[in-house]
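S.K.: Since the structure of chain A is provided, determine the placement of chain B on it from the hints.
Going down the list, the protein sequences come from chains A and B.
For the first sequence, the working numbering gives the first residue as 1, with consecutive numbering after it.
For the second sequence, the working numbering gives the first residue as 1, with consecutive numbering after it.
Where hints are given, some of them may not hold.
[What the hints assert, rightly or not] Result set (SDA-like, lysine to any residue): computed pairs, CA atoms no more than 25 Å apart in a straight line: (1) B:Lys128 - A:Gln111; (2) B:Lys54 - A:Leu354; (3) B:Lys54 - A:Gln111.
If you're looking for bench data, these hints aren't it; they were derived computationally from the structure.
If you want the building blocks of each chain, they are given just below.
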Amino acid sequence: MTARLQQLRRLPRFWLWVGALGVVLAVAAAAGVIVLWKGLVVTNLNDLVPWGLWIAIDLSSIALSAGAFLLCAAVYLLGLKRYQPVARTATFVGLIGYSMAMLCLFMDIGQPFRFWHALIYWNTHSVLWEVTMCIMSYFTVLVFETMPIVAGAGWFKRRWPRLAGWMSGVHHYAPFLALIGLGLSSLHQSSLGATYGVLKARPIWYKPDLSVLFILSAAAAGPALTVLASMLAARLTPKARVDDSLLERIAHVIGWVLVGYLYFRFWDAFSMTYTYWPGRNEGLDMLTGGQLAFNFWVGEILLGALVPAVLLLVPRFRRLPWLRMVALALVVGGVVAYRWDINLVGQLVLLTYLPTEIAARYTTYTPALIEWAVGAGIVAYGLLAFSLGVRYLNIVDHGQPVEAEAHPAPAPALSPAAGD
Amino acid sequence: MKRNKPLSRRAFLKTAAAAGAATVLGLQYARWARASGPVGASKHRWAMVIDQSKCTGCGYCTEACRAHNDVPPTIAWNRVIASGEVAGRPTFLPRPCMHCEHAPCVEVCMVGASYYRADGIVMMDYDKCIGCRYCEVACPYGARAFNWETFTGPNPAVPEWGQPEVPRRPRGVPEKCSFCVQRIDRGLAHGLMPGVDPQATPACVVACPAKARVFGDLNNPDSEVSRLLATHPYYRLREDLGTAPRVYYLPARQEAES
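Excised from the complex, chain A in its bound form (with noise of 0.2 Å):
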């Protein structure tokens, strides 16, 4: 029994590291099973709030993947070259997200073997269906993203030489991808909001505001996670090099980025106690008093956005990497909370449809056991495809000389991409 102890403290931490996620996956995976055997009437999702946890966390995916377009634009089109080996790390990070929003909404749908419907079905006039569109394309703009970095392994080149010549030669394209990136990002990101705030029905997600707050927390959290990701991984594996003043620089922005943030909210908030309108203050009592007040204000105001914001915009504590990584995971935690909350307050204030009184009442959500294993499989999926990618594709690696990374040397088996 020891002797096996002392076998697995010899094994190499990220092993058990992975080991351990791989337990998580291999309950969501059982659990992912029943769900498509069962059926949806095994969560706690009901005709009330048929959007829960799930749809909480694809919503979440797809807001921290914004870094991967904001640094790409950065990079190829405000001509930042410097900040390319973060983009690098943002657009690996971006493709995560994206693919676990993906697995979350096949969990979710009701016929999830009808997802390619959303293909060649359209209703252009719905804001879910231009949602999918740009989902799907920015997913293939990630992927060809993608294609360099992963050519750009020594295991890789040496067993498909000529793949990846080609996949390097990917890289060529970099300005238009980033440039596609940035159109298809700038309008899902927002209309993911707006596919709340476009139904009437709803009056605390009725406005035009949610669009705009949606895309400003993504640009907030976006760069955040991919920070947060680059300094995690470099303090735990050699196999990640930073080059802390980039980062300490992009943090900066991202201060800056959620004070703009917090002006919207307040005006968004503040402009809805004008006046009473029968379930909006309703739903905005329920998350300043309420059932979500402790999210609101702990999660979403106090710790996801003004902890942060003056933490990232104080020089010196934005230079205590510890406390800048603290002030980064609080932005994450704050639009993960942002999303719960938005999705969540708009289900659970209902308003009648008598004649007599048109008046709000409330119901309650709590994700029954099988949405958790399941949820925590999608975000044990997205650990495990960076902890892999940091280890054999170096995705966090700031060493590499930024102008060898855009012009490589055609090597003499890579003479495909050479002709490019």
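M.R.: Frame of chain A, contents of chain B only:
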């Protein structure tokens, strides 16, 4: 970053032409893929009038609907809701699908599984639906119910309340009242008039013992629904939302005859 080659005029024109062609094809496809035909192309415009002064809240409509549309006991397409008192007597609000002229569910459905028929009925294509439930979130009337589990076994409303006329919906799609399109369409094919001939009229209207429900064609000025709406004060649910429902209510009033 430095580009190897500047974009040549030919390459630019090629790209522009390809993008243009893709846009045109996309627009054509979007038009072709649209689920809803032109509303109003039919010569009928179906509507339902529900007289609250007659409704006793017996719930026969709910049960008849369950039988004829093979709806599971956990779901009601037609709910009857207690709606307070008028002159000391309880009143009720039977609530089918409103078949809105501007239906939020149709507008938000990403695959076009919710659509308008030419006669204005809001329909569900259960084979197209992917089960995202956006329509359920968008509907102001709670008229949609999701199939959280497969409906198996016998329907307790059958045969007492009637025989199923439509196939059961699969698990994982929302379902709702269709104004009994199967009865309307089959009736018209046999030369019957919906709203007049019971075989062509929605099951809930036929089953109502108080005759509180009336169905008919608003395009026909002599139909019962047109006549009632011309001679009685009426209202529709949540008119402030601009959905323009096709279900009209005659309110219970103090002077209502007993």
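S.K.: For every hint, state whether the structure bears it out.
M.R.: Status of the hints after comparison with the structure:
1. Distance restraint check for lysine 128 (chain B) and glutamine 111 (chain A): the Cα-Cα separation of roughly 10 Å lies within the 25 Å cut-off, and the hinted pair is therefore satisfied.
2. In summary, the hint linking lysine 54 (chain B) to leucine 354 (chain A) is supported, as the alpha carbons are separated by about 17 Å, within the 25 Å threshold.
3. For the proposed pair lysine 54 (chain B) and glutamine 111 (chain A), the alpha carbon gap of about 41 Å is over 25 Å, so the pair is violated.
The structure is inconsistent with hint 3 alone, although it conforms to all the rest.
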